[in-house]
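Peer 1: Here are the chains, one letter per residue:
Protein chains: 2
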Amino acid sequence: MTVEGRETLYRAIRDAVMDEITAHGIELVQEQDHDLLVPVSVSARHIHLEQKHAEILFGKNYTFTKHRDISQPGQYSCMEQVTIVGPKSQMERVRIVAPLRKQTQIEISKTDAIKLGVNPPVRHSGDLKGSAPLTVIGPKGNVDLLEGCIIADRHIHMSPADAKRFGVVNHQKVKVEIDGEKGGLMYGVTIRVSDRYALDMHIDTDDANAFGIKGQEYLTLIK
Amino acid sequence: MTVEGRETLYRAIRDAVMDEITAHGIELVQEQDHDLLVPVSVSARHIHLEQKHAEILFGKNYTFTKHRDISQPGQYSCMEQVTIVGPKSQMERVRIVAPLRKQTQIEISKTDAIKLGVNPPVRHSGDLKGSAPLTVIGPKGNVDLLEGCIIADRHIHMSPADAKRFGVVNHQKVKVEIDGEKGGLMYGVTIRVSDRYALDMHIDTDDANAFGIKGQEYLTLIK
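Line by line, the protein sequences give chains A and U. Under the UniProt record's numbering, the residues of the first sequence are numbered 1 to 223, in order. Under the UniProt record's numbering, the residues of the second sequence are numbered 1 to 223, in order.
Just so you know, these hints were derived from the structure itself, not from any lab. Since the structure is predicted, the reported quantities are computational estimates derived from the model, not experimental observations. There could be a bad hint or two in this list.
Same chains, same names: a pair is fine if it fits in one copy or spans any two.
With a Cα cut of at most 30 Å, we get these calculated BS3-like pairs of lysine-lysine [as the list claims (entries may be wrong)]: (1) 129 <-> 173; (2) 60 <-> 173; (3) 175 <-> 52; (4) 214 <-> 88; (5) 115 <-> 214; (6) 214 <-> 66; (7) 223 <-> 88; (8) 52 <-> 164; (9) 214 <-> 52; (10) 60 <-> 175; (11) 115 <-> 52.
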């Protein structure tokens, strides 16, 4: 059989099978929905501070005030805000997310990065080696970061029980499907498993705005 | 057969067919690659003016100066820029794209829309009924648009010859695949066929930044 003939045959078989599956699709989707859906939260630009930098920016023994809880247990945004400064521009009112971390980390979108004039890599939280430099201005002082600015990768937090239920493992890359007039599939979504995590997908504002996601939606995990 | 049994059966058949197709995938992709790739351009926020508004903003008989050609024959961005004003903020230095059109049209991203405080619909170019209001400020006057602001849909311009080659028709919705660390599939990409069009996909800055697209890349059209 020629390559063209084989291709035509496979496509015909695939289409026939797909039609058959689709014909029973509503039933299947209804049966499976609760297993495949993941709530999503949109992360605006924010900063996690290390102890030393918190002291420089806000003064010794400063206590941060909770603004509101975020989707992960024990994590919260603070009333306090800082200004971040890049070579091209600066952005004010960047929220601090507590509690303090080992190393200061700034998470921005590519849109922010272009405006600020920096070129941060797409990274997991905490993986900061060689990430972009940026200056942070607080009420009591400034910090020039040599590294620490990233574009957070698309990721899904979940408990070990959720991971078992979804049939995925820590660090696995999955796809996530979004409905709507700007729908699509996100590739390269990282599974992050910990017993400290609640089930929630985190995306930045670029992904949210490109796909028409407001947050609070349920998206479909595809392995 | 139970619903569960049928589901298991269909999934097994689908997976077997997919495996079979995948086993021949490299051969098929190599055969088809040159037919499936589409160059992409990123549209920053811009405005098309109608005659009446051009006169109010720039004065009677004003002649616009070409900044540079854009990807569609006869279309060009101008040296002249305007300010657009929404309820929450304004944006300066918004490029005019010539020649003049029947109705003034402003194309912005969702990120821009949130910042400006407007809620434009996702639309084809020219489909402006009930689209968002916005104010435009030029050097000679202001225009309060009751409608005209949209988020342009993802679309691919092509000639009738290209459409034949790709096996698609005008207004057809296709998918486009993007590689890279923020890769994925865009759904709902509209095919637009005209003998005035050069082959080019147009996306806004949100889609570009979400998918890590700079422009000039070749993306894969999937029917």
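Peer 1: For every hint, state whether the structure bears it out.
Peer 2: A quick look at each hint next to the structure:
{"no.": "1", "hint": "129 <-> 173", "in the structure": "within (22 Å within a copy, 42 Å between copies)"}
{"no.": "2", "hint": "60 <-> 173", "in the structure": "neither (41 Å within a copy, 58 Å between copies)"}
{"no.": "3", "hint": "175 <-> 52", "in the structure": "neither (38 Å within a copy, 48 Å between copies)"}
{"no.": "4", "hint": "214 <-> 88", "in the structure": "both (29 Å within a copy, 19 Å between copies)"}
{"no.": "5", "hint": "115 <-> 214", "in the structure": "both (22 Å within a copy, 15 Å between copies)"}
{"no.": "6", "hint": "214 <-> 66", "in the structure": "within (23 Å within a copy, 38 Å between copies)"}
{"no.": "7", "hint": "223 <-> 88", "in the structure": "neither (40 Å within a copy, 41 Å between copies)"}
{"no.": "8", "hint": "52 <-> 164", "in the structure": "neither (39 Å within a copy, 63 Å between copies)"}
{"no.": "9", "hint": "214 <-> 52", "in the structure": "neither (35 Å within a copy, 37 Å between copies)"}
{"no.": "10", "hint": "60 <-> 175", "in the structure": "neither (44 Å within a copy, 54 Å between copies)"}
{"no.": "11", "hint": "115 <-> 52", "in the structure": "within (28 Å within a copy, 33 Å between copies)"}
Violated hints, in rising order: 2, 3, 7, 8, 9 and 10; the structure is consistent with all others.
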